[in-house]
Structure formats: structure tokens, C-alpha cells
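**Student:** Same order as they appear, the protein sequences are chains A and F. For the first sequence, our numbering gives the first residue as 1, with consecutive numbering after it. For the second sequence, our numbering gives the first residue as 1, with consecutive numbering after it.
Don't read these hints as lab results, they were simulated from the structure. Treat the hints with care, since some could be wrong.
[Unchecked claim] Derived SDA-like pairs: lysine to any residue, alpha-carbon spacing no greater than 25 angstroms straight-line:
hint	chain 1	residue 1	chain 2	residue 2
1	F	LYS83	F	SER172
2	A	LYS45	F	THR253
3	F	LYS83	A	VAL15
4	A	LYS45	F	ALA122
5	A	LYS45	F	ASP82
6	F	LYS16	F	MET34
7	F	LYS83	F	PHE100
8	F	LYS56	F	VAL41
9	F	LYS83	A	ASP57
10	A	LYS45	F	PHE96
11	F	LYS83	A	ALA55
12	A	LYS45	F	TRP72
13	A	LYS45	F	TYR242
14	F	LYS83	A	ALA68
15	F	LYS83	A	THR49
16	F	LYS64	F	VAL105
17	F	LYS83	A	TYR63
18	F	LYS16	F	ALA122
Each chain, written out:
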Amino acid sequence: MTTIGMCALAAAIAVAFGCLSAIGESLIICHAIDGMARNPEMQPKLQSTMIIGVALDESTAIYCLVIAILILFVTTSMA
Amino acid sequence: MNLVVVDDTTVDFNYKIAHMFDWSIDAPLYSSLMIMAIVAVLAIIVGIWARVAYKKKAYLKRSKGFLFYAEWYYEFCQGFVDKNMGEGFTLFGGYFMCLFAYLFVAFNWGLTGMPSVIDWLAAPLSLSLIMFVLIQIQGVRFNHWHYFHRYVEPIVAFLPVNLITMWSPIISTCIRMFGNCIAGTIIIGLIQWALSNASGALFGSLTTMAQVNYFPSWDITHSTVWTQIFLAPLPMGVLNIYFSLFSGFVQTTVFGFLNALWMAQERPMEEEPKLAERQDVAPKASLAS
Chain A
1 MTTIGMCALA AAIAVAFGCL SAIGESLIIC HAIDGMARNP EMQPKLQSTM
51 IIGVALDEST AIYCLVIAIL ILFVTTSMA
Chain F
1 MNLVVVDDTT VDFNYKIAHM FDWSIDAPLY SSLMIMAIVA VLAIIVGIWA
51 RVAYKKKAYL KRSKGFLFYA EWYYEFCQGF VDKNMGEGFT LFGGYFMCLF
101 AYLFVAFNWG LTGMPSVIDW LAAPLSLSLI MFVLIQIQGV RFNHWHYFHR
151 YVEPIVAFLP VNLITMWSPI ISTCIRMFGN CIAGTIIIGL IQWALSNASG
201 ALFGSLTTMA QVNYFPSWDI THSTVWTQIF LAPLPMGVLN IYFSLFSGFV
251 QTTVFGFLNA LWMAQERPME EEPKLAERQD VAPKASLAS
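One chain only, chain A, in its complex shape (with noise of 0.2 angstroms):
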């Protein structure tokens, strides 16, 4: 397997195991729902919390996506 080669395999496996935050994300917003259903007057703060929860939540995946932009341009230039 050529240098190039492993470098798409390794940026590809690194933005995979990124993805997998989605689950977390899906959960915030799951019980975010549900607390605004069952209390609607505190939907805003809800809503604002839940958007900040899934921010910190999505850097996780940001880090891999860095990692992975790395591993293409710049480990790649160097091989």
C-alpha cells in the first residue's frame, strides 16, 4: 500500500470513529424534546441549552475532522 494510501485510510478512519458523536448529539436533543413537552413555558431555555450541549458535543468530531485534514495535507506533503 503506497504512503498516499495510508493517509486516506487513516484521515477516513479518523472522521468514522468521529461520526459516532452523532449518537451523543441525538440523545441531547432527544431529552430536550421531552422536557420541552412536558414543561413548554421553559422551551427558550431549554432550547438554548440544548444548542450549547450540542456544540460541545460536536467538537469532539471537529477534533477528528482536524486530525484528519492534518493527516491529508500535511503528512502527505511531508511523505
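Following the hints, put chain F in place on chain A, whose structure we already have.
**Tutor:** Relative to chain A, chain F alone:
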């Protein structure tokens, strides 16, 4: 990559910016200085305007115009500090006003065509370092010499682990900000490249018909350059609403929220009031009464 002809030599746009005034510094640093200058000038103008309005007793009437938005922004930032940090941090309203303004404008600065600031790792890293220094200062302010106990808790052997853990806020906030910005840049760049090539392939024959085709037909990029603009504008606008405006607002809020939370955590929790001082417990009846 935009090519600019300067003195019979072809240089990159970033090279031209980086060597403006013959200074030869990184191109995004110029953008960062420009944003700081814009925010500082706006703050001075609003400050002078507010001072003049106060002297004229304009606070007795409803404010309008730019001062209305300045008041809204001040109340947003001060309310953010009061809600998330509590007592002892009232003066940080000004810090968060500057932070939010700089961060939101810097996130969207690429839309102006200038080199993007947050795409350059040094910019979010500098903001994270400022946050780190503030957190440590709050730790020393509230705990004094007890601040150093955290590095040897629960046992002294945890010192190397604690020394590494102390840098995790910097890494997480810096990479989160940088990653969100560069992910948007890459996705928008890819879609723009794909749409401009697709547009050139679909409408390229129009240039031939209009006889404005000065390039050979095998040079697709240049021969179809005027037709590459048809498909990209609307999708680019829609994508930028999400990746620049919405994502910028969310990431700015998250950065500020984490900053406020970590600084407020340095204040020790207040102890539970003793039983005799509690207001919700009824006093024992005495024989004298």
C-alpha cells in the same frame, strides 16, 4: 488562489497582504489588527456618544439608533456574566463585550475577502491562552497560596497528570474554534470548486457563441471563466449563513460560556449555614414563653 500582478511579477494575494507596507508579517495578522482597530474605534465612538447622551439626560427617554443596539449588547453581556458567573465577577462584563465582538467579527472576516483570522491557528490559540491566564489569576485571587494544592490532589503522585490536565481547556477551546472555522472554509471551498466547474461545463458553450472565448477549448478553467458564476452564488450564500453566521454565533457563545464557567469555578463554594443561623428552621420554644 487569486493572482495579482505587481511590478511585472505574479504574487499570491496572501503574499501581497503579508508584505503590505513592506512589513512581511503573516497575512491573517493584518486582518486581526484591522478587526481590533474596528472594534476599538466603534467602542470609543459609542463611549463618547453615550457620555454625551448621559450629560443631555437622554436616559429619560427611550434610546434609539445605534445607542439602542449598544445598550442591548451591554445588557446581553452583563446579563451573561451575572447569570453564569455570579458575585465577584461584575467587572468582566467589559471583557466579554470585547471577546464576543472580536470573536464574531473574526469568525466571519473571510466573507470580506481578506485573509481569515480564525483559519490561522495562532489566533484562537492566543484567545485560549488569555482565557487560561485569567482562570489561573482567578484561582490565585480566591485561593491565594491554597491555589497550589490542586496540583498535588488527591496524592502527590498525581502531579504530572494534573500538570497535563491543566492545559486541556486551552487545547479544547482552541481546536474547537479553529476546527469549526476551517471545516466551513474547506466545505465551502469544495462546493464552490465543484459548482464553478459544473457551471463552466454546462454553460461553457455560451462563451463560444458570444465570441468572447480567448482561450483554447482544452483550457476549461479559463475558457469558461465567465460562465462559472452562474451556479455558485445562491448556494454559497445559503452555506455561509450556516457556516459563518450561525456557526460563528454558536462557537462564540460556547467559547464565552466555557470561559465564564471555568473562571467562576475558581471561587470556592459557600459553606452551608449552621443550623442556628438557618431561617427555615423554627426556633425551639423556651419555658419562659
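**Student:** A separate judgement is required for each hint: does it hold in the structure or not?
**Tutor:** Against the structure, the hints:
| no. | hint | result |
| --- | --- | --- |
| 1 | F/LYS83 - F/SER172 | 23 angstroms, holds |
| 2 | A/LYS45 - F/THR253 | 14 angstroms, holds |
| 3 | F/LYS83 - A/VAL15 | 36 angstroms, violated |
| 4 | A/LYS45 - F/ALA122 | 34 angstroms, violated |
| 5 | A/LYS45 - F/ASP82 | 16 angstroms, holds |
| 6 | F/LYS16 - F/MET34 | 16 angstroms, holds |
| 7 | F/LYS83 - F/PHE100 | 16 angstroms, holds |
| 8 | F/LYS56 - F/VAL41 | 23 angstroms, holds |
| 9 | F/LYS83 - A/ASP57 | 23 angstroms, holds |
| 10 | A/LYS45 - F/PHE96 | 21 angstroms, holds |
| 11 | F/LYS83 - A/ALA55 | 20 angstroms, holds |
| 12 | A/LYS45 - F/TRP72 | 19 angstroms, holds |
| 13 | A/LYS45 - F/TYR242 | 22 angstroms, holds |
| 14 | F/LYS83 - A/ALA68 | 38 angstroms, violated |
| 15 | F/LYS83 - A/THR49 | 13 angstroms, holds |
| 16 | F/LYS64 - F/VAL105 | 24 angstroms, holds |
| 17 | F/LYS83 - A/TYR63 | 30 angstroms, violated |
| 18 | F/LYS16 - F/ALA122 | 20 angstroms, holds |
Hint compliance for this structure: hints 3, 4, 14, 17 are broken, all remaining hints hold.
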